[in-house]
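Please model the entire structure based on the sequences and the hints provided.
In this text, residue positions in the sequence shown follow the working numbering: the first is 1, and each later residue adds one.
Note that these hints are calculated values from the structure, not bench results.
Quick caveat: nothing in here was measured; it's all calculated off a predicted structure.
Heads up, a few of these hints could be off.
As the list claims (entries may be wrong) - The calculated label-pair distances, taken between Cβ atoms and stated as ranges, are:
no., residue 1, residue 2, range
1, Glu27, Ala84, 19 to 27 Å
2, Glu94, Asn4, 18 to 26 Å
3, Asp87, Glu61, 15 to 23 Å
4, Phe75, Glu8, 17 to 25 Å
5, Asn30, Asp87, 17 to 25 Å
6, Glu20, Pro48, 41 to 49 Å
7, Ala50, Thr82, 16 to 24 Å
8, Arg49, Glu20, 38 to 46 Å
9, Phe90, Pro19, 17 to 25 Å
Glycine included, C-beta positions come from ideal geometry on N, C-alpha and C.
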Amino acid sequence: AAGNAFVEATAPWKLAKDPEAASRLDEVLNAALECLRVGAILVWPAMPRAAERLWGKLGLEGSPGDGPLAGTAVFGTFPATTVAKGDPLFPRIEA
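So, in structure tokens, the structure goes:
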């Protein structure tokens, strides 16, 4: 919820249209990716397949369960990678 609120508040889609906001856009996108990376680590014990799919889309090597939780779930350690656009992790179910 906090990560979603952050993305809504910082509006990276608006920052992307402003060449002078490139540095801020980098910060916002890095923080959003870091939320996803830490989230994948935290949900891995309960949803390993979904966490590993997300991990791969983030361009990370190995598995979210590879390292000790205390060391790998630290915010601010997202490495420079190329992320992959893909299908939603959890497709929307129409009622």
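Consistency of the hints with the structure:
1. Glu27 / Ala84: 19 to 27 Å: Cβ of Glu27 to Cβ of Ala84: about 22 Å, so the range 19 to 27 Å holds.
2. Glu94 / Asn4: 18 to 26 Å: Since the Cβ atoms of Glu94 and Asn4 sit about 21 Å apart, the hinted range of 18 to 26 Å holds.
3. Asp87 / Glu61: 15 to 23 Å: 21 Å, holds
4. Phe75 / Glu8: 17 to 25 Å: 19 Å, holds
5. Asn30 / Asp87: 17 to 25 Å: The hinted range 17 to 25 Å holds for Asn30 and Asp87, with Cβ atoms some 24 Å apart.
6. Glu20 / Pro48: 41 to 49 Å: 42 Å, holds
7. Ala50 / Thr82: 16 to 24 Å: For Thr82 against Ala50, whose Cβ atoms are near 21 Å apart, the range 16 to 24 Å holds.
8. Arg49 / Glu20: 38 to 46 Å: With a Cβ separation near 42 Å, Arg49 and Glu20 satisfy 38 to 46 Å, so the hint holds.
9. Phe90 / Pro19: 17 to 25 Å: 35 Å, violated
The earlier numbered hint that this structure contradicts is number 9, and it is the only one.
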